[in-house]
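Participant: Sequence:
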Amino acid sequence: MRRVLAAGLWAGILLVLASTRVVTAQTPPPVDADILLRGGQVLDGTGSPAVTADVAIIGDRIVAVGQLTPGKIGETIDCTGLIVAPGFIDLHNHSDESIVADETRTAENYIRQGCTTLVTGNCGGGAVDVAKYLAEIDAHGAGTNIAHLIPHGSTRALVLGRRQVDPTPEELAKLQEFVDKGMREGAWGIATGLIYIPGAYSKIDELAAMTEPVGRHGGIYASHIRSEDNALLEAVSEAIEIGRRANTPVHVSHLKASGKPYWGMVRAAAKLIEDAQAAGQRVTADQYPYTASSTSLEAMLLPDWAREGGREATMARLADPAQLEKIRPALQIALDERPRVRIVSYSPKPEYTGKAIHEIAAAEDRPQIEVAIELLRDGSPAAINFGMTEEDVRFVMQRPWVATASDGSVKEPSGDMVHPRSFGTFPRKIGYYAIKEKVLPLEQAVRSASGLPADVLGFVDRGYLKPGQFADVVVFNPEAIIDGATFDQPFEAPQGIPWVFVNGKAAIRNGEPTKSLSGRALRHMSKLPQ
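Using our numbering, read the sequence shown as starting at 186 and increasing by one per residue.
By construction, these hints were calculated from the structure, which means they are not laboratory data. Here the structure is a predicted model, which means the values were calculated and not measured. Glycine is no exception: its CB is placed at the ideal position from the N, C-alpha and C atoms. Check before you lean on any hint, since a few could be wrong.
[Stated by the list, open to error] No farther apart than 20 Å at their CA atoms in a straight line, the calculated lysine-lysine pairs in the PhoX-like style are these:
hint, residue 1, residue 2
1, K712, K366
2, K712, K700
3, K690, K651
4, K359, K388
5, K366, K317
6, K700, K596
7, K257, K712
[Claimed, not checked] If you anchor each label on the Cβ, the simulated ranges turn out as follows:
hint, residue 1, residue 2, range
8, I258, K712, 55 to 63 Å
9, K623, P535, 37 to 45 Å
10, D505, K623, 49 to 57 Å
Working from the sequences, and respecting the hints, build out all of it.
Facilitator: What follows is the structure, encoded as structure tokens:
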């Protein structure tokens with residue numbers, strides 16, 4: 186009997202001790218923080234649903250995420266009812282010049298959207314001297330972090346000019362040297378713009394050869410592909426083949442089908458990408474959530490051969506009656522396929538700003554082709570082409586391998602009628618498409634702007650909310666986040682984003698920009714020995 190009682194007593198004691206250990210294990214130690222984001226709905230960038238949690242920041246790093254017991258806290262921000270997410274990463278941006286200019290380096294139009302990192306060098310244009318460019322970012326600071334891609338077109342122009350020629354073996358070796366140097370200096374890959382001059386003159390062998398050093402260093406091949414209309418499928422296939430030959434991940438910039446005859450073709454393009462993925466290749470894409478694109482009128486309307494040699498040579502052809510007659514048929518086809526092209530800005534006749542070519546032609550009782558020739562010859566402005574269908578936009582954004590990217594740039598409000606994507610891309614994707622229209626889950630929309638682009642680039646310490654990551658964080662109100670910019674009022678700020686942190690510093694505080702310059706140059710670490 187005593188043995189039974191003793192056994193029962195020891196069992197009770199062990200049970201109490203076990204219970205004590207469990208309680209101790211479930212009680213976390215207090216967490217100290219410079220900034221504590223308290224009680225928000227955390228979307229961590231993985232695509233998982235939101236969970237109620239705190240995010241603790243010390244210096245420029247996230248130190249804890251979860252149900253935290255506060256220790257010594259510098260500033261507590263009540264995030265009840267708000268979403269806390271990784272800062273957004275814009276994979277396709279054109280702020281190469283404006284991010285280093287004194288008046289725009291704060292990148293306010295992107296900070297307001299929740300963007301904490303911009304990727305430059307896209308479409309083949311930008312700084313070839315990667316070390317110099319990134320050093321300038323570090324020397325003066327920037328509103329966002331900057332990651333850079335080696336611009337293929339600018340690099341090609343250094344060796345071959347803007348000529349429609351193939352490189353000799355010696356010239357190709359020189360091009361590869363530029364790429365290798367840029368990767369060693371911190372570039373994250375190479376970017377092509379195959380509708381622009383001189384990138385359009387590059388054949389697949391050259392592109393694959395220039396991409397090979399990128400693959401060896403562990404970078405990516407990003408491409409504004411050769412066609413987004415009648416040859417879309419061939420262009421996607423070319424990008425995939427370049428990646429296969431160079432053993433390099435492929436990223437297709439702003440995936441779309443432009444022009445009514447080609448609407449729906451994005452489904453076949455998506456299948457090409459998914460087939461490549463199934464075969465073991467890394468292929469991704471990005472998209473801006475609009476049915477209109479924007480680029481120079483030259484790139485939009487003129488054939489490649491008419492633009493050889495650069496702007497002066499193009500103007501000479503347009504001024505030569507004999508060469509103009511050769512250009513006219515291709516120009517007319519381009520106009521027929523783009524019936525809604527609107528002028529962003531035109532200094533010779535400011536009254537054309539914001540008007541479509543067909544509107545100008547009707548008002549002046551002139552053929553559209555004559556208006557287009559005048560515009561091309563006397564200024565070649567940027568233009569907006571309303572050439573996509575809403576159904577395609579929604580289909581593309583639902584693909585789990587499609588990231589959000591603006592294709593815009595850091596800029597200040599002006600009298601130009603620019604594309605609203607520079608001021609509204611990210612809150613539009615989240616506020617309008619995910620929350621209001623429910624085209625895709627909110628957690629997927631956030632991932633498309635954070636964890637996914639981080640994975641595409643190969644970031645190891647940004648894009649997610651977890652301990653050890655740099656403290657790039659956006660806090661937004663799911664009931665209020667929305668874009669304000671429209672095609673008629675393109676500079677309106679978004680709503681519903683009260684806090685943005687870049688490397689642990691508040692860039693947006695209580696909805697207002699702080700003009701912080703806490704962004705940094707982000708350098709890729711090569712897989713090869715330096």
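Participant: Each hint: holds or not?
Facilitator: Hint check results:
no.: 1; hint: K712 x K366; result: 14 Å, holds
no.: 2; hint: K712 x K700; result: 36 Å, violated
no.: 3; hint: K690 x K651; result: 17 Å, holds
no.: 4; hint: K359 x K388; result: 17 Å, holds
no.: 5; hint: K366 x K317; result: 12 Å, holds
no.: 6; hint: K700 x K596; result: 14 Å, holds
no.: 7; hint: K257 x K712; result: 40 Å, violated
no.: 8; hint: I258 x K712: 55 to 63 Å; result: 40 Å, violated
no.: 9; hint: K623 x P535: 37 to 45 Å; result: 42 Å, holds
no.: 10; hint: D505 x K623: 49 to 57 Å; result: 55 Å, holds
Checked against the numbered hints given earlier, this structure breaks hints 2, 7, 8; the rest are met.
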